[in-house]
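Under the working numbering, the first residue of the sequence shown is numbered 121, with each subsequent residue one higher.
Everything labelled a hint here was simulated from the structure, so no lab data went into it. Note that beta-carbon positions come from the ideal geometry of N, C-alpha and C, so glycine has one too. You may find that some hints are simply not true.
Quick list of simulated restraints, FRET-style, between CB atoms [said to hold, decoys possible]: (1) Leu-263 to Arg-372: 29 to 39 Å; (2) Leu-268 to Met-232: 33 to 43 Å; (3) Ala-361 to Leu-385: 48 to 58 Å; (4) Pro-233 to Ile-383: 23 to 33 Å.
Derived DMTMM-like pairs: lysine to aspartate or glutamate, alpha-carbon spacing no greater than 25 Å straight-line [unchecked claim]: (5) Lys-241 to Glu-160; (6) Lys-234 to Glu-218; (7) Lys-241 to Glu-369; (8) Lys-189 to Glu-357; (9) Lys-274 to Glu-369; (10) Lys-234 to Asp-220; (11) Lys-189 to Glu-363; (12) Lys-225 to Glu-357; (13) Lys-274 to Glu-357; (14) Lys-241 to Glu-218; (15) Lys-189 to Asp-265.
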Amino acid sequence: MTTTTKPAPPSTTGRRRVGPGALALRQGRLEITQFLRSRESVVFTMGFPIIMILIFASIFDGTIGGGVKFTQYFITGMIATGLMTVSFQNLGIWIPIERDRGVLKRYRGTPMPKWVWFAGKVIMVVAIGIAETALLLAVAVALFDLDLPATAAKWFTFGWVAVLGVTACTLCGIAISSLARTARSGSAVVTPVSLVLQFISGVFFVFTDLPTWMQQVAAFFPLKWMCQGLRAVFLPESFGAQEPGGSFELGRVALVLALWCVIGLVLCLTTFRWTTKRDG
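Let the sequences and hints guide you as you build the complete structure.
Pasting the structure below:
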């Protein structure tokens, strides 16, 4: 009698299951690589704040009162707008392009958890935001004698303002990407919003020099509060008395930015689309 033996199942020895953290890091590395390959995005996102501070600091080399150099004030707006550019503006423009090209549709059809794609975007924003801010500070210190924060408390404030601000802007950037019907319309939708917020939020001018109604409109949006929180980091404590509220109001800064994080998350969950409207 002959006996037949069943073939042994294939060995799984040596196979390693990729964990969720590793998946997110791989996706983040892919997003960073794609960003760096786009020269236009790199030049605009990384270069715009540096170019602006070179121009403005060269033109306005005096003080704005209380012995505060214009560069010292202007750096706060440039850091805030740089973080907004890499998160809100960059995502609001590039996500419609990926949606229009069918990239998001293909991602949706893969076994990869959907949250990994979002995590990759967040990792890219954080990495580029850190690099951009560090480069901006290095240029300002080397060329314009910028005074960096002198205490751990101020660096801590810098950290939480940046984290809350980037989180809010990232979520709002993902949300506003759904307004663009095509890849070409992404820039048309996001860029005007970004520019208006910069002009009314104290990025290019001393905030208290703006008309009162403009200050009140800006107070509804996160960029104004990011700039105000960063002024608490780079300007002397006495300068807080010149703020509209009579102080830097860090508690209110945290509250408004946290509220915008919640608003942005709700908008993402309710409006985000993986496909164009014509794809259904």
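Here is how each hint holds up against the structure:
no.	hint	result
1	Leu-263 to Arg-372: 29 to 39 Å	34 Å, holds
2	Leu-268 to Met-232: 33 to 43 Å	41 Å, holds
3	Ala-361 to Leu-385: 48 to 58 Å	35 Å, violated
4	Pro-233 to Ile-383: 23 to 33 Å	25 Å, holds
5	Lys-241 to Glu-160	18 Å, holds
6	Lys-234 to Glu-218	15 Å, holds
7	Lys-241 to Glu-369	31 Å, violated
8	Lys-189 to Glu-357	15 Å, holds
9	Lys-274 to Glu-369	14 Å, holds
10	Lys-234 to Asp-220	18 Å, holds
11	Lys-189 to Glu-363	16 Å, holds
12	Lys-225 to Glu-357	51 Å, violated
13	Lys-274 to Glu-357	11 Å, holds
14	Lys-241 to Glu-218	12 Å, holds
15	Lys-189 to Asp-265	10 Å, holds
When each numbered hint is compared with the structure, violations occur for hints 3, 7 and 12.
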